[in-house]
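Using the sequences and the hints given, assemble the complete structure.
As given, the protein sequences belong to chains A and B, one line each in that order.
In terms of numbering that gives the first Met the number 0, the first sequence opens at residue 0 and continues consecutively.
In terms of numbering that gives the first Met the number 0, the second sequence opens at residue 0 and continues consecutively.
Simulated from the structure, these hints should not be mistaken for lab results.
Mimicking DSS-like on lysine-lysine, the simulated pairs with C-alpha atoms at most 27 Å apart in a straight line are: (1) B:Lys99 to A:Lys194; (2) B:Lys103 to A:Lys194; (3) A:Lys194 to B:Lys8.
Computed far set for chain B versus chain A, every beta-carbon distance over 12 Å: (4) Trp6; (5) Gln32; (6) Gln115.
Ideal placement from N, C-alpha and C gives every residue a C-beta, glycine not left out.
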Amino acid sequence: MDRVGAQVRAARGIVVKNATQVFLRRLPLALIAAIAIWLLLRPVIDTAVAGLAQTLIRSFEYPRVTRLVVEDHQAQMRRADLRTDSKVASVSMTEVTFNTIVLLALYLALPRPFSRRQAERLFMGWCVLCLSQSINLLFHVKTLYAMGLGEWSQHHYSDLARNIFGFGRYFTDLPGRFSFPFLIWLGFNWEVVMKMLRVSEDTDGKTATKRKKKGKELRVKG
Amino acid sequence: MSLRELWQKPEARFLVLFLTILGASFAVVALRQVNDAFVTPYTAVIARMSGFVLRVFGEKAVVTGCVVSSPRFAVTIYNGCNGLITSLIFISGVLAFPAKIPAKLIGVIGGLLTIQLINLVRIVSLFYVGVFLPQHFNDAHIFVWQSLVITAGISLWIVWAHRFALPEESS
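Okay, here's the thing in structure tokens:
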């Protein structure tokens, strides 16, 4: 009985090992497809992210004067109370939203990416990523207000506010942009990824390397 | 759901540990003293390595601090371009994931070396994109190579976890 169980586990090991290999083989193609999808949807993503960021900024603003206008993949920070000849600062939306490519590629490389379940997970994950991108843009705008407008910034923002917005911008910039797609993908697909990695398959307390060796031995004996 | 129950969930535990390690490492790297003593010299080493590879390819590349220049093109290697961020994210992933300490050590050392190798290819290729297709430099820099480097880091983590991760019950 033990031997049959071990053989089943070993066979399962081969299947799961293949799942990881299939994922890694699919990933480059998935990346190309993700770049194409992102390029296609970029205007919509830019508008959605800037719109959500504007809503968030205006929720805590009195009077509500900030407007984020997307032009040529740049979010222009326009304020209703600025003179018409004032310079307009802008943030590159490409840098804010490019990590959508990574999230899409990771989803597309998983098994059965077009199933209803995976589509729902992708939708939820994408929404969370859009929120993180909007928060990143919000911190860019607030950092500019708190630090970049000379005496006006000094007068309207405290040192604490400057530190909070600067800190928020720093963490949501490179660390956030680089790590959020991975975290969101892993968070929404934990059991799929763990099955793929063979972490949730066996429970005999051995590392994957040992399990593989054991699997090989059993196959030779069997 | 109580905090203890949440902690029992492996995905929640991984996310909390990952974000804690990532946050702590980025907070350390953000300190001016650490930046001056480690990050800037590290970036300069990356620039020197890139300059060396470009000279091997026949470019008359000169390195000044973090700037790699030749008569044909010049690139400045900033903090986001030195591979440090991807490395820190990869290390956080390895440390937060249940595995034995030697396996984690192998992951950290192997991952760092591989990510640096990929980053070197990135810098050299971007230099040539700048030489031959300067109009596409920004696109290649921001969304092509950054996506590639992140995906490569995640692939490395998957390979490592597939080989060394402990089963959930024993973690």
